[in-house]
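There are 2 protein chains.
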Amino acid sequence: MRLQLRRLCSAPARLSVHTINQAVRTAQYAVRGELILRAAKLQEELRAGGGGGKGFDRLVECNIGNPQALRQQPLSFNRQVLAILAMPALLQNPALRTSFGADAIARAEEYLRSIPAGVGAYSESQGFRLVRQQVADFIAARDGVPAQRDDIFLTDGASKAVEFIFKILLRGASDGVLVPIPQYPLYSATLALASAQMLGYELDEANGWAMPLDELEKKHAAAVAAGVTPRALVVINPGNPTGNTLPRDNMEAVVRFCSKHHLVLMADEVYQENIYDDALPFHSFKKVLKQMTPEPPLQLVSFHSTSKGFLGECGLRGGYMELCGFDPEVQAQLLKLVSIGLCSNTMGQIGLGLMVQPPKPGDASYATYAAEKDGILQSLKRRATKLVSALNELEGVTCNQPQGAMYAFPSITLPPKAVAAAEAAGKVPDTFYALALLEATGIVVVPGSGFGQKENTWHFRTTFLPPEDEMEAVVGRMTAFHRDFMQQYS
Amino acid sequence: MRLQLRRLCSAPARLSVHTINQAVRTAQYAVRGELILRAAKLQEELRAGGGGGKGFDRLVECNIGNPQALRQQPLSFNRQVLAILAMPALLQNPALRTSFGADAIARAEEYLRSIPAGVGAYSESQGFRLVRQQVADFIAARDGVPAQRDDIFLTDGASKAVEFIFKILLRGASDGVLVPIPQYPLYSATLALASAQMLGYELDEANGWAMPLDELEKKHAAAVAAGVTPRALVVINPGNPTGNTLPRDNMEAVVRFCSKHHLVLMADEVYQENIYDDALPFHSFKKVLKQMTPEPPLQLVSFHSTSKGFLGECGLRGGYMELCGFDPEVQAQLLKLVSIGLCSNTMGQIGLGLMVQPPKPGDASYATYAAEKDGILQSLKRRATKLVSALNELEGVTCNQPQGAMYAFPSITLPPKAVAAAEAAGKVPDTFYALALLEATGIVVVPGSGFGQKENTWHFRTTFLPPEDEMEAVVGRMTAFHRDFMQQYS
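Chains G and L, in that order, give the protein sequences. Numbering follows full-length UniProt numbering, with no gaps: position 185 of the first sequence is 185. Numbering follows full-length UniProt numbering, with no gaps: position 262 of the second sequence is 262.
Excised from the complex, chain G in its bound form (with noise of 0.2 Å):
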């Protein structure tokens, strides 16, 4: 008995999920959420070889922008480099002179002469100097307006610069950040890690995902009078989940509307070199501000990434952000708490490095490359039409075509008996639907409330990724389980 009563007293103190960092629970990552905990068990059947009455015999992992992990190729160029960077040794073997690139051999030599301890040590907390400059070099050159080095910071992937700023940014319960609705769940997640207000605005969907400008104004009061800061505004362009890219009078609109509350405007850029709509180029958040007259005052990070575009180097972890209009105070304390994490992983760095400054026409390795990122963007757009094209032939369903990054997020409307039975099995409708597709496909795709949707409509967001060989048999597989699904329910 009083055994019993001391493990009863004692036993709340261990660690639980009701004494951890509340804060974390809250969070929801839906990328890698219920789904895809569901599609690890079935992958752990597949390769046990249970697959046997399934119908597939692998999973179609359409829920998260990872190419290489759905076969695109990484560049020759890219990867001889970080070879040599990995082991300047090589570089004593003359057979490396016949097989690699004589400019992939330069660039690793300019590396090694910049950074003569290589890799292996930690660079400068806000990256190394070289690849900084070179990253400022590719702004400059993009944008036709001046960069700084020691404006841009080199981080583990574009997550961690996020993370970095709503750091800077978010001082608690009563400071928000307007995030578009869909959007990608890192923010919604890294703000309720934050215990922050998550200050959600719909894009408009039957306007190809437009920003809305009058719904932005009135979160922002709606906010304010609550008794909220809005601190800052995330634009997505090219969007994610949503494929459309930014008009240029939208993007004034909104460095308009973030100078005037004194907004940070975090502009999400990941998907700039994915662009397949030639009337709407991709112009960056800096260059329509520095090009306005006057140049309205304003806060702007820029985040940019190797995991996207068509390199798809997601395991290297490279990304940067770029401050622009940040007073120097302010930059310190970021440069500080950088440090704190020492740095960023250097092949991560140094292969952003090779991203923002590819083979020029008339060096050896610039045929190979144009050859390989024209295989890979105009792969993407053909994929991206494939899928859309079919999606748009499903009863009920959507589809804005895609005009940049590389999802499709379809818009379903689910028969009231579907809406019934997800309602009986607790689960959201569109994570019923995806669960099924799923179990009957094996093709993974995020349910849309993993991203957040216009109430009472449900999507689901799907890469477009696959690659051109299976494309077919990928959407021929989706078209039967529609059909097969809209069929039990009707």
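Treat each hint with caution, since some may be false.
Heads up, the list lumps identical chains together, so a pair's fine if it works in one copy or across two of them.
[Said to hold, decoys possible] Below, a list of computed lysine-lysine pairs in the DSSO-like style, where the Cα atoms sit at most 30 Å apart:
hint, residue 1, residue 2
1, K167, K336
2, K218, K454
3, K290, K167
4, K417, K41
5, K41, K167
6, K41, K336
Hint data in this document are derived by calculation from the structure and do not stem from the laboratory.
Given the coordinates of chain G, assemble chain L onto it according to the supplied hints.
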């Protein structure tokens, strides 16, 4: 007038150091703090050729455990495997294959079989399965106690793992963590960022930096009395900056203390390979815990890294943590938290796998690997001895002989005139001393105040990483400086 008024009103809304998250301002990180900023400026002057009158032409960076920045060479086997992972096409070239050991090729092929997408795709959020299994096998062999792949989380260096655990544990300003004084400032900085309480316990310098068990109890009781909930205890073993190695009975007492008070034991064991005193071998807290009878109930996390040991692969940002005794639900929350950042960098993960599963006797690379490893460790031991002997010769300086890690942390008795001069200059006395050392010699050390120290004692932390052929000169310059400094202020 009206315009001016408007400006005055709107100006404060612009982001400034006064309106950022003040926890960021509060956080200090001395390893890259004031002294380092001055060192960076000095570096610029030297680069620009302004070192003429200084008596040195470059800096000696003893401020950070960054071995490859001081010419330590990476291990050949490890870099061979990394190069192949960066560029699997290397294996297709017979002439290039000759640059690699057969076991390095076999290891690379093993990784590529297990990870067909290669290093360019995101891994599982927790890290590659194969590498986690390799870590588990390493731990099991080291401790003679089973270890599970699913209890291992691969992270971008150990720092990131510490951040994840703090994020899970710390709920706000009334949570605290017991941290040694002196400590590695990652802990104080991360606690400050979380607005949580650092509960410092002073290690016993006179007793070889032993764990002060009475003081632990007192600190714990005082915290509870003050309304603070202690959540965890940090132990750094071997010690940073202290260089001590804990004896086993001391560790058992720490385990009992944590178990009794339901504290998560955070065992920073990143220096486990850096052991210089045969009488004090490294024991992991997990082994000590598991061999106690009865085994006290405990939640234990152990951290390890590619950055230290004899690898010194700081730039790769490879690390892991092993959880022991945690509820599965808590572990699931941790996995979700980790997944928000997608995954740690893949080259760092592979680097970690190579660290924990080195070539074995009989393998093609074994002899080279063993020679490289022994060369580095024995040289470190010689350099430690040389540096610490010299330090102990200096007037007013005493320094414990390092038993582990890569740092010496001498105590300096500063003359009252030096303390007064420091105060007049608005500097903490040990910062004043370290700045003077930097200006006179180019040697960069970190003032003891950056790590915490007993009141009215002064220290600095220096690595013993300068190359062996420079150590004599470094010690000579340090000695001459100290003599002059003491003379000046006597």
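Going down the list of hints, with the structure as the test:
Within a single copy, K167 and K336 get their C-alpha atoms as close as 12 Å, and across copies as close as 19 Å, so both meet the 30 Å cut-off. For the homomeric pair K218 and K454, the shortest alpha-carbon distance inside one copy (16 Å) is at most 30 Å, but the shortest distance between copies (55 Å) is not. In this assembly of identical chains, K290 and K167 lie within 30 Å of each other by CA distance solely inside one copy; the values are 27 Å within and 39 Å between copies. Taking the shortest Cα distances, K417 and K41 sit within 30 Å of each other inside one copy (28 Å), while across copies they are farther apart (70 Å).
When the C-alpha separation of K41 and K167 is checked against a cutoff of 30 Å, the pair qualifies only between copies, where the shortest distance is 28 Å, while the shortest distance within a copy is 35 Å. In this homomeric assembly, K41 and K336 come within 30 Å of each other (Cα to Cα) only across copies, at 16 Å, whereas the closest approach inside a single copy is 42 Å.
In summary, this structure violates none of the numbered hints.
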